[in-house]
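If you read the sequences in order, they're chains V and G.
Each residue of the first sequence is one higher than the one before, starting from 1 at the first, in this note's numbering.
Each residue of the second sequence is one higher than the one before, starting from 124 at the first, in this note's numbering.
Do not rely on the hints blindly, as some may be mistaken.
List time: in silico DSSO-like cross-link candidates among lysine-lysine, alpha-carbon distance up to 30 Å [unchecked claim]:
1) G/692 - V/10
2) G/577 - G/393
3) G/467 - V/10
4) G/577 - G/499
5) G/499 - G/692
6) G/692 - G/393
Here chain V is said to cover these stretches of chain G; the calculated rule only asks that three of the stretch's residues, wherever they fall, bring their Cβ under 8 Å from a Cβ of chain V [claimed, not checked]:
7) 795 to 807
8) 839 to 845
It is worth saying that the hints were derived from the structure and are not from the lab.
All C-beta atoms in this analysis are idealised placements derived from N, C-alpha and C, irrespective of residue type, glycine included.
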Amino acid sequence: MRALVVDDSKAMRMLLGRQLRQLGFEVGEAGDGLQALEVLRAESQWSVVLVDWNMPRMDGLSFVQEVRGEPDWAGIQLMMVTTETETDQVVRALEAGANEYLMKPFVGGALAEKLALLGVLAA
Amino acid sequence: MSLDNDLEEVVHEFLVESYENLDQLDRDLIELERDPKSAERLGSVFRTIHTIKGTCGFLGFERLEGVAHVGESLLSRLRDGRLLLDADITSGLLAMVDAVRIMLARIESEGNDGEDHYPSLCARLEALQEEVAASARPAPHEAESMMETGSPREETPFSTEEEMSEIETTGVATPAAPLPVATERTFSEELEEGRREGADPEVRSSGGVAESTIRVDVHLLDRLMNLVGELVLSRNQVLQHTQQRSEAGLAATAQRLNLITTELQEGVMKTRMQPIGGVWGRFPRVVRDLAVTCGKQVDIELDGRDTELDRSIIEAIKDPLTHVVRNSIDHGIEGPAERLAAGKSATGRLRMRAFHEGGQVNIEISDDGRGIDPEKLRERAVARGLLTHEQASRLNDREAIQLIFLAGFSTAEKVSNVSGRGVGMDVVKTNVERIGGMVDVQSTVGAGTTLRMKIPLTLAIIPALLVTTAGDRFAIPQGSLLELVRLESDVAKRAVETIRGTRVYRLRGELLPLVDLKHMLRIPQESDTGSEAVNIVVLQADGRRFGLIVDAINDTEEIVVKPLGKSLKALSSYAGATIMGDGRVALILDVLGLGQEVGLVGRSHDQGVGAQARTPGEAGEAGSGDEAKATDAILVVGVGETGRLGLSLSAVDRLEEFPAERIEISGGQEVVQYRNDLLPLKRLADLLGNSLRASSDGEGAGVLQVVVCSRDGESVGLVVDRILDIVEENIELRRRLSQPGLLGSVVLQGKVTDLVDVGTLMDDLASDTPTRVAA
Numbered sequence: 001m002r003a004l005v006v007d008d009s010k011a012m013r014m015l016l017g018r019q020l021r022q023l024g025f026e027v028g029e030a031g032d033g034l035q036a037l038e039v040l041r042a043e044s045q046w047s048v049v050l051v052d053w054n055m056p057r058m059d060g061l062s063f064v065q066e067v068r069g070e071p072d073w074a075g076i077q078l079m080m081v082t083t084e085t086e087t088d089q090v091v092r093a094l095e096a097g098a099n100e101y102l103m104k105p106f107v108g109g110a111l112a113e114k115l116a117l118l119g120v121l122a123a
Numbered sequence: 124m125s126l127d128n129d130l131e132e133v134v135h136e137f138l139v140e141s142y143e144n145l146d147q148l149d150r151d152l153i154e155l156e157r158d159p160k161s162a163e164r165l166g167s168v169f170r171t172i173h174t175i176k177g178t179c180g181f182l183g184f185e186r187l188e189g190v191a192h193v194g195e196s197l198l199s200r201l202r203d204g205r206l207l208l209d210a211d212i213t214s215g216l217l218a219m220v221d222a223v224r225i226m227l228a229r230i231e232s233e234g235n236d237g238e239d240h241y242p243s244l245c246a247r248l249e250a251l252q253e254e255v256a257a258s259a260r261p262a263p264h265e266a267e268s269m270m271e272t273g274s275p276r277e278e279t280p281f282s283t284e285e286e287m288s289e290i291e292t293t294g295v296a297t298p299a300a301p302l303p304v305a306t307e308r309t310f311s312e313e314l315e316e317g318r319r320e321g322a323d324p325e326v327r328s329s330g331g332v333a334e335s336t337i338r339v340d341v342h343l344l345d346r347l348m349n350l351v352g353e354l355v356l357s358r359n360q361v362l363q364h365t366q367q368r369s370e371a372g373l374a375a376t377a378q379r380l381n382l383i384t385t386e387l388q389e390g391v392m393k394t395r396m397q398p399i400g401g402v403w404g405r406f407p408r409v410v411r412d413l414a415v416t417c418g419k420q421v422d423i424e425l426d427g428r429d430t431e432l433d434r435s436i437i438e439a440i441k442d443p444l445t446h447v448v449r450n451s452i453d454h455g456i457e458g459p460a461e462r463l464a465a466g467k468s469a470t471g472r473l474r475m476r477a478f479h480e481g482g483q484v485n486i487e488i489s490d491d492g493r494g495i496d497p498e499k500l501r502e503r504a505v506a507r508g509l510l511t512h513e514q515a516s517r518l519n520d521r522e523a524i525q526l527i528f529l530a531g532f533s534t535a536e537k538v539s540n541v542s543g544r545g546v547g548m549d550v551v552k553t554n555v556e557r558i559g560g561m562v563d564v565q566s567t568v569g570a571g572t573t574l575r576m577k578i579p580l581t582l583a584i585i586p587a588l589l590v591t592t593a594g595d596r597f598a599i600p601q602g603s604l605l606e607l608v609r610l611e612s613d614v615a616k617r618a619v620e621t622i623r624g625t626r627v628y629r630l631r632g633e634l635l636p637l638v639d640l641k642h643m644l645r646i647p648q649e650s651d652t653g654s655e656a657v658n659i660v661v662l663q664a665d666g667r668r669f670g671l672i673v674d675a676i677n678d679t680e681e682i683v684v685k686p687l688g689k690s691l692k693a694l695s696s697y698a699g700a701t702i703m704g705d706g707r708v709a710l711i712l713d714v715l716g717l718g719q720e721v722g723l724v725g726r727s728h729d730q731g732v733g734a735q736a737r738t739p740g741e742a743g744e745a746g747s748g749d750e751a752k753a754t755d756a757i758l759v760v761g762v763g764e765t766g767r768l769g770l771s772l773s774a775v776d777r778l779e780e781f782p783a784e785r786i787e788i789s790g791g792q793e794v795v796q797y798r799n800d801l802l803p804l805k806r807l808a809d810l811l812g813n814s815l816r817a818s819s820d821g822e823g824a825g826v827l828q829v830v831v832c833s834r835d836g837e838s839v840g841l842v843v844d845r846i847l848d849i850v851e852e853n854i855e856l857r858r859r860l861s862q863p864g865l866l867g868s869v870v871l872q873g874k875v876t877d878l879v880d881v882g883t884l885m886d887d888l889a890s891d892t893p894t895r896v897a898a
């Protein structure tokens, strides 16, 4: 299983990547939405993309909209990673086509639970 | 935990990116004050704090998270357009950024974010957003619908207590709650616009450039530079050997090695170059804060941000630059009323310019303030006894203005908390000269002042004079070299006099104190010093001139500076080492350190800034100086085997060594004859009790280390066992002590140090009571 972490903070990418690897994922990273689109175009077989909301160049919402505008990527599960101050954004992200959301900060169990919900991880 | 290493890496990365983002944030906030509606900048500021807060949650830095959270709430309101940025809010946010920096620094040094919750800062930030929240409080039904849209928050484990308490205290529905839908739309549209602009790489200034660059550990660069230095030296040796042989193949290979090495050296030097913008970036903030403090209006203009300098030089000029900027605003630029009266605009201009010229970097700092009045400077120089009337009147205006660089010549009429920090322009000059640069100032009364620095591109390779003494070679950086004087033996006999134990030479009517390098090296001197010619290297450090006597003067050469090993670093007389073409090592003399070692140059204000500039390798370790902290210079001495005592340097007059047999007893008091007077001695070991005294009597009994303190013409000699160091640190008494003569304990350089109350000791002396011995 391959997971792509999209976040402008490298520290966040490292944190998420670490947890994902512990869950058995192969992890890729991108620093913003545009870069993430490039990665998706260049490599296939991504099961899930974890997307931060606030990013320079292309933010999480625009990224979700872009991905959902491309039929080839319909099978990719999108998970918004947000904080409690962005609850309204969750609604918008879900409307735009994100499959799940995850509130920061989260403990290891929460991530696994959500991934299981998406069906990309055996519960 | 097995994850620790891994997590440490994350924390490191978190620190690196947070620092970077905060620098950008400072600039953004200042820009925002001008253009409070810039969605792009607001977005970027918000993102930074938001990311810090989010990451903190994972890393367990709760206090930092708390502060960032309050800041984020305020920022989200700004971003929403529900609150317009004004000076109050900017100040509040800048204060928050400072708090965040402090906590980050603590995380860096100690691994946790400290104890401070910054309650007043948080309250201030909350108050700032409350003002708006009150005015823009949504109607009840809107609030309800908000709660509905915000339903996922019930599922989140992080409806934090902190937030709950915030709700209680502010009494406003939910400060951090989502927005009414209508506002949200307009805002998102606004944001959308910002993003569309942002997507255009031409418009976008920050972010997105990272792909073509990578971050490299500074220590790795230092190491590479070192290795290249080694390679250059090996190359020189190879070239020397090949010249003695006639193999064509070898010569060609050596030639190639030569070219490649040169190119590699240039390449590595280039990687160490940083745009000066990195240092300049903080000046808009410094200028703003200062201008506010001084009640002035100042615009800053930065020109040539991309001009590149070696990173060690950037470190070294940071503090001098800050000092000059402070001076300009504090003393140069007038208040709005005075400016208007003089027919200028109310807002002053400060212009900083950097450019390359003739293999050097030029930095100009100019203001359009009141300028420097040469006549006033002449008067002050005479009043301070630095010049005679006649000398002063002989100076032309240009020369008179250079007087500001004289030691002990503070231009501040009243000591202000801005530039009156005990360091003057002389320190700026010393520090710039120390790295081989030059400072010059021009000023027109009423029109402004321009200060120019010329700085070498790198510290790694410097021109130096090579001299020989006692068979060893030494390199003296050209920057501190004034002239060379050779006295033939018959002249030397007459011209070199001895005054109070110091040899001096009358150079063009001025007394030049002489120091024999042999003496410095503790090499026994032949008794008949007058029988041969004397070579004097005239040096300048910290505005003081002195002559260094050497055996022979060899040549000038470009040398590769190498930092000294750890065990030798403590020797202040050496700035580093270099390897000569024949493979032998030559020590590089640190002229300032040398002058201090022999007591010809004051020590008090050198630490800090100057210490950073010694060698490229060392400069990096100095870390980022936090100039906002008031520091006090403390002389640290050792007493007994373990005793560490600190003396405020302001109380210290001189450091002396007396042979033990010079101690005499007068009226039950130990004294030595000193400068035609009797100097009473006090053994600091007595302050620490008997146990330490016993051990201190045993060691080094032959020579006494004496710290001479003076007050109102009275002096006392404090006998210590070792002079350890001079440190400038923020002093915080950890424990008060009841012993007489001690102020209390502080922690200096990570060690407990007892502060000596020199005043009380002097009082004891004045009232002629015997020293009270504790224990």
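Hint-by-hint comparison with the structure:
1. About 37 Å separates the Cα atoms of residue 692 of chain G and residue 10 of chain V, which puts this hinted pair outside 30 Å; it is violated.
2. A threshold of 30 Å between alpha carbons decides the hint, and for residue 577 of chain G with residue 393 of chain G the separation of about 19 Å falls inside it, so the pair holds.
3. Proposed proximity of residue 467 of chain G and residue 10 of chain V is contradicted: the alpha carbons are some 49 Å apart, above 30 Å.
4. Taking the CA atoms of residue 577 of chain G and residue 499 of chain G, the gap is near 27 Å; set against the 30 Å cutoff, the hint holds.
5. Among the hinted pairs, residue 499 of chain G with residue 692 of chain G is inconsistent with the structure: their alpha-carbon atoms are about 43 Å apart, more than 30 Å.
6. Among the hinted pairs, residue 692 of chain G with residue 393 of chain G is consistent with the structure: their alpha-carbon atoms are about 27 Å apart, no more than 30 Å.
7. With 0 residues having a beta carbon nearer than 8 Å to a beta carbon of chain V, the region 795 to 807 of chain G misses the requirement of three or more and the stated coverage is violated.
8. For the region 839 to 845 of chain G, the stated coverage by chain V is violated: 0 residues have a C-beta nearer than 8 Å to a C-beta of that chain, whereas at least 3 were required.
Going down the numbered hints, you'll see the structure goes against 1, 3, 5, 7, 8, while the others check out.
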